[in-house]
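Visitor: From just these sequences and the hints, can you work out the full model?
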Amino acid sequence: RKEVEQDPGPFNVPEGATVAFNCTYSNSASQSFFWYRQDCRKEPKLLMSVYSSGNEDGRFTAQLNRASQYISLLIRDSKLSDSATYLCVVNVRGSQGNLIFGKGTKLSVKP
Amino acid sequence: GAGVSQSPRYKVAKRGQDVALRCDPISGHVSLFWYQQALGQGPEFLTYFQNEAQLDKSGLPSDRFFAERPEGSVSTLKIQRTQQEDSAVYLCASSLAMNQPQHFGDGTRLSIL
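Those sequence lines, one after another, are chains A and B. If you count the first sequence from 1, position 48 lands on 48 in our numbering, and the numbers rise without skipping. If you count the second sequence from 1, position 43 lands on 43 in our numbering, and the numbers rise without skipping.
Hints may be right or wrong, so weigh each one.
In the BS3-like style, the derived pairs of lysine-lysine whose C-alpha atoms are separated by at most 27 Å in a straight line are [as the list claims (entries may be wrong)]:
#1 A:Lys2 / A:Lys45
#2 A:Lys79 / A:Lys2
#3 A:Lys79 / A:Lys42
#4 A:Lys110 / A:Lys45
#5 B:Lys11 / B:Lys57
#6 B:Lys57 / B:Lys14
#7 A:Lys2 / B:Lys57
#8 A:Lys106 / A:Lys79
#9 A:Lys103 / B:Lys78
#10 A:Lys103 / A:Lys42
#11 B:Lys78 / B:Lys57
#12 A:Lys103 / A:Lys79
#13 A:Lys103 / A:Lys2
#14 A:Lys45 / B:Lys11
#15 B:Lys78 / B:Lys14
#16 B:Lys11 / A:Lys103
#17 A:Lys103 / B:Lys57
#18 B:Lys11 / A:Lys42
#19 A:Lys42 / B:Lys57
#20 A:Lys110 / A:Lys2
#21 A:Lys79 / A:Lys45
#22 A:Lys45 / B:Lys57
#23 A:Lys2 / A:Lys42
#24 B:Lys14 / A:Lys42
#25 A:Lys79 / A:Lys110
#26 A:Lys106 / A:Lys42
#27 B:Lys78 / A:Lys42
#28 A:Lys45 / B:Lys14
So the derived label-pair ranges between C-beta atoms look like this [stated by the list, open to error]:
#29 B:Gly28 / A:Tyr51: 21 to 29 Å
#30 A:Leu46 / B:Pro8: 19 to 27 Å
#31 A:Ser68 / B:Ser58: 27 to 35 Å
#32 A:Glu56 / B:Asn99: 21 to 29 Å
#33 A:Tyr51 / B:Val12: 37 to 45 Å
#34 B:Asn51 / A:Ala67: 20 to 28 Å
#35 A:Leu46 / B:Asn51: 17 to 25 Å
#36 B:Ser58 / A:Gly58: 32 to 40 Å
#37 B:Lys57 / A:Arg76: 37 to 45 Å
#38 A:Ser81 / B:Val74: 42 to 50 Å
Everything labelled a hint here was simulated from the structure, so no lab data went into it. Backbone N, C-alpha and C fix where the C-beta goes; we use that ideal spot for every residue, glycine too.
Guide: See the structure below:
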């Protein structure tokens, strides 16, 4: 079983839609959580960190449930430019800071 | 620019050849990571440096993989006797310190024929 699991998609949604991605992680020692965005043939870029209390950045809302070891990302009012692969990422306590990535969920926003 | 720079951008090699991939981190960044990303997968950790010290190489898939950062700045990932399964994008990331946000380079896309 992979340490970080995501639905690979693709999620095909119309502009303006709300879309949610889910992710589960298996290591209870995971201490930091992130969503990264990766465009085709480009490097991963940090979208947002995920905090226990949940956090929002514009149209993006991230939630963390430590008890269920579950992370989510909600995108409201989808834009064409949101089309990308969204990577769920964790960092484990006691590690050197290396990130553990899920396979990613592909989002395609259509006009 | 001031970001992480990797070279070459693309590398094609025949099976059995040795290759060397370079990473130039952001100036002043102490931590440097190498990741391997196969097609359709997320990046997977290979190795970590703090300055010139290689503190974790648990992700290196075989002893054909070797990384160094002799002066605590530029790093080189070397793959000896390449195999087809080594074909992947090799990503380098740096951060100001351990557990600080990592900034990724564009990667080197390696194809082994």
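Visitor: Determine for every hint whether it applies to the structure shown.
Guide: For each hint, the structure was consulted:
no.: 1; hint: A:Lys2 / A:Lys45; in the structure: holds, 22 Å
no.: 2; hint: A:Lys79 / A:Lys2; in the structure: violated, 31 Å
no.: 3; hint: A:Lys79 / A:Lys42; in the structure: holds, 19 Å
no.: 4; hint: A:Lys110 / A:Lys45; in the structure: holds, 22 Å
no.: 5; hint: B:Lys11 / B:Lys57; in the structure: holds, 23 Å
no.: 6; hint: B:Lys57 / B:Lys14; in the structure: holds, 26 Å
no.: 7; hint: A:Lys2 / B:Lys57; in the structure: holds, 20 Å
no.: 8; hint: A:Lys106 / A:Lys79; in the structure: holds, 14 Å
no.: 9; hint: A:Lys103 / B:Lys78; in the structure: holds, 25 Å
no.: 10; hint: A:Lys103 / A:Lys42; in the structure: holds, 15 Å
no.: 11; hint: B:Lys78 / B:Lys57; in the structure: holds, 13 Å
no.: 12; hint: A:Lys103 / A:Lys79; in the structure: holds, 23 Å
no.: 13; hint: A:Lys103 / A:Lys2; in the structure: holds, 9 Å
no.: 14; hint: A:Lys45 / B:Lys11; in the structure: holds, 23 Å
no.: 15; hint: B:Lys78 / B:Lys14; in the structure: holds, 15 Å
no.: 16; hint: B:Lys11 / A:Lys103; in the structure: holds, 24 Å
no.: 17; hint: A:Lys103 / B:Lys57; in the structure: holds, 22 Å
no.: 18; hint: B:Lys11 / A:Lys42; in the structure: holds, 16 Å
no.: 19; hint: A:Lys42 / B:Lys57; in the structure: holds, 25 Å
no.: 20; hint: A:Lys110 / A:Lys2; in the structure: violated, 31 Å
no.: 21; hint: A:Lys79 / A:Lys45; in the structure: holds, 18 Å
no.: 22; hint: A:Lys45 / B:Lys57; in the structure: holds, 24 Å
no.: 23; hint: A:Lys2 / A:Lys42; in the structure: holds, 24 Å
no.: 24; hint: B:Lys14 / A:Lys42; in the structure: holds, 25 Å
no.: 25; hint: A:Lys79 / A:Lys110; in the structure: holds, 8 Å
no.: 26; hint: A:Lys106 / A:Lys42; in the structure: holds, 14 Å
no.: 27; hint: B:Lys78 / A:Lys42; in the structure: holds, 22 Å
no.: 28; hint: A:Lys45 / B:Lys14; in the structure: violated, 31 Å
no.: 29; hint: B:Gly28 / A:Tyr51: 21 to 29 Å; in the structure: holds, 27 Å
no.: 30; hint: A:Leu46 / B:Pro8: 19 to 27 Å; in the structure: holds, 25 Å
no.: 31; hint: A:Ser68 / B:Ser58: 27 to 35 Å; in the structure: holds, 28 Å
no.: 32; hint: A:Glu56 / B:Asn99: 21 to 29 Å; in the structure: holds, 23 Å
no.: 33; hint: A:Tyr51 / B:Val12: 37 to 45 Å; in the structure: holds, 43 Å
no.: 34; hint: B:Asn51 / A:Ala67: 20 to 28 Å; in the structure: violated, 38 Å
no.: 35; hint: A:Leu46 / B:Asn51: 17 to 25 Å; in the structure: holds, 23 Å
no.: 36; hint: B:Ser58 / A:Gly58: 32 to 40 Å; in the structure: holds, 37 Å
no.: 37; hint: B:Lys57 / A:Arg76: 37 to 45 Å; in the structure: holds, 42 Å
no.: 38; hint: A:Ser81 / B:Val74: 42 to 50 Å; in the structure: violated, 34 Å
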